[in-house]
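Participant: Sequence:
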Amino acid sequence: MKNSKDLILDAFNGQQNSQVPIWFMRQAGRYLPEYRKFREGKTFEEMAMTPENAAKVTLQPIRRYDLDAAIIFSDILIPLYGMDRGLEIVPQVGPVLEKPLKNPEDVKSLKRTSPKEDFPYLKESIQLVRKEIPDKALFGFAGAPFTLASYLIEGKSTRNALLTKTFAYKYPDEFSTLLNMLADIVIDQLQVQIEGGADVIQLFDSWAGFLSASQYEKWILPHVQKIFLKFDNTPNILYGRGSSHLLPIFQKSGAKGISIDSTLSLIDARSFVGNDLVIQGNLDPAVLLTNPRIVENHTKEVLKDYTLTNNPRYIFNLAQGIDKTSKLENVEMMINTVKEFRLEE
1 MKNSKDLILD
11 AFNGQQNSQV
21 PIWFMRQAGR
31 YLPEYRKFRE
41 GKTFEEMAMT
51 PENAAKVTLQ
61 PIRRYDLDAA
71 IIFSDILIPL
81 YGMDRGLEIV
91 PQVGPVLEKP
101 LKNPEDVKSL
111 KRTSPKEDFP
121 YLKESIQLVR
131 KEIPDKALFG
141 FAGAPFTLAS
151 YLIEGKSTRN
161 ALLTKTFAYK
171 YPDEFSTLLN
181 MLADIVIDQL
191 QVQIEGGADV
201 IQLFDSWAGF
211 LSASQYEKWI
221 LPHVQKIFLK
231 FDNTPNILYG
241 RGSSHLLPIF
251 QKSGAKGISI
261 DSTLSLIDAR
271 SFVGNDLVIQ
281 GNLDPAVLLT
291 NPRIVENHTK
301 EVLKDYTLTN
311 NPRYIFNLAQ
321 GIDKTSKLEN
331 VEMMINTVKE
341 FRLEE
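Residue numbers for the sequence shown follow the working numbering, so the first one is 1 and each next one is one higher.
By construction, these hints were calculated from the structure, which means they are not laboratory data. All of these numbers come straight from a predicted model, not from anything done at the bench. Idealized CB from N, CA, C, for every residue including glycine. One or more hints might be untrue.
[Claimed, not checked] Between beta-carbon pairs, the in silico distance windows are:
#1 Pro172 to Gln16: 30 to 36 angstroms
#2 Ser271 to Pro33: 39 to 45 angstroms
#3 Lys304 to Lys111: 30 to 36 angstroms
[Unchecked claim] Simulated crosslink set (BS3-like; lysine-lysine; CA at most 27 angstroms straight-line):
#4 Lys102 to Lys5
#5 Lys5 to Lys218
#6 Lys131 to Lys102
#7 Lys5 to Lys111
#8 Lys42 to Lys156
#9 Lys339 to Lys300
#10 Lys42 to Lys324
#11 Lys116 to Lys218
#12 Lys108 to Lys5
#13 Lys5 to Lys170
#14 Lys131 to Lys300
#15 Lys37 to Lys102
#16 Lys131 to Lys116
#17 Lys156 to Lys170
#18 Lys2 to Lys339
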């Protein structure tokens, strides 16, 4: 029987297995009681930027469930901490920047961070986890240039990226310069994680769904292509929340896999991205707030769609990160349903 790491890597190689690999976004987090207990008295920075803490949290869902991959406990905004924009994680609010970018001069004066020098703890965290789970796949990740730029310009989480798009229209050259700089930082950030032992890297473009296909292709695609070109020999995945309309553009990104949301079926997604890319997804995380019977039924529906695609390049995941109010028995049912599934010969 294949081990977990092989199941994940086989998906990228197009090798058919009877089993389906599974992990899920935010699997190390607040829905777990052991996470909430360990988090008590600690800031998020203390959790993510202390290698021993980050490694322990990364491993919590692996200790509890039979998952095929771990994803390092970190944050997409790590590169912004060293840019002198006053980034702070505010309770009940989220990330807030004291000094968001407002004009071209702000872009020119922006301090460039160096992952190896400014956050060495990331590599150390990966190394600690790698030693503990040699037979499971380990994901590293980073935020995509557009999403990072949106936080820098909006100064906080956004519902529509209005300020970011306005900046792109008014200052196209400076916006491109900003994205290019962020792409270079992301490349360094991902490289550090690969050197630490990550098997797969995932690029999170959380706010990509706010853009039209033409906007993404014009403003963002070249910078994402730059990143994936650098990691052509490493299994990688692109994820964009609410971005089903961007799948034909994502196909041009150079990514070897695309993580899809629940607004379309695996069958439709496969028709958009072709047969050569891994598809990851796409159970609606809201299902995990219901009951085990409903979870089992909807998980089986996703797996049925997978069989109908007749393509081995697939990893089961949620459509987006797990909600903190998800029920443990539902998470267990989802995982067990996937683990018990066997593709008919």
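Participant: So if I understand the rule, the pair passes when the alpha-carbon distance is 27 angstroms or less; does Lys108 with Lys5 pass?
Facilitator: Violated. Lys108 to Lys5 sits at ~43 angstroms, over the 27 angstroms cutoff.
Participant: Is the straight-line distance between the alpha-carbon of Lys116 and that of Lys218 27 angstroms or less?
Facilitator: violated, 31 angstroms
Participant: Would you say the C-beta atoms of Pro172 and Gln16 sit inside 30 to 36 angstroms of each other?
Facilitator: violated, 46 angstroms
Participant: Given the proposed pairing of Lys2 with Lys339, does the C-alpha separation stay at or below 27 angstroms?
Facilitator: holds, 13 angstroms
Participant: Does the alpha-carbon distance linking Lys37 and Lys102 stay inside the 27 angstroms limit?
Facilitator: violated, 40 angstroms
Participant: Taking only the CA atoms, is the gap from Lys102 to Lys5 under or equal to 27 angstroms?
Facilitator: Between Lys102 and Lys5 the Cα gap is close to 45 angstroms, so the pair fails against 27 angstroms, i.e. violated.
Participant: Given the hinted pair Lys42 and Lys156, is their Cα-Cα distance within 27 angstroms?
Facilitator: Measuring from Cα to Cα gives roughly 22 angstroms; hence the hint holds.
Participant: Hint check: Lys5 vs Lys170, CA-CA at most 27 angstroms. Holds or violated?
Facilitator: violated, 46 angstroms
Participant: Hinted pair, alpha-carbon criterion (27 angstroms max): Lys42, Lys324. Please report holds or violated.
Facilitator: Given pair Lys42, Lys324 holds - Cα atoms ~18 angstroms apart, limit 27 angstroms.
Participant: Lys304 and Lys111, beta-carbon distance inside 30 to 36 angstroms?
Facilitator: Violated, since Lys304 and Lys111 (Cβ atoms, about 50 angstroms apart) do not stay within the stated range.
Participant: Next pair to validate is Lys5 with Lys218; report whether the Cα-Cα distance is within 27 angstroms.
Facilitator: violated, 36 angstroms
Participant: Hey, Lys131 versus Lys300, does the alpha-carbon distance stay inside 27 angstroms?
Facilitator: Distance ~34 angstroms between Lys131 and Lys300 Cα, so the pair is violated.
Taken one by one, the earlier hints fail for this structure at numbers 1, 3, 4, 5, 6, 7, 11, 12, 13, 14, 15, listed in ascending order.
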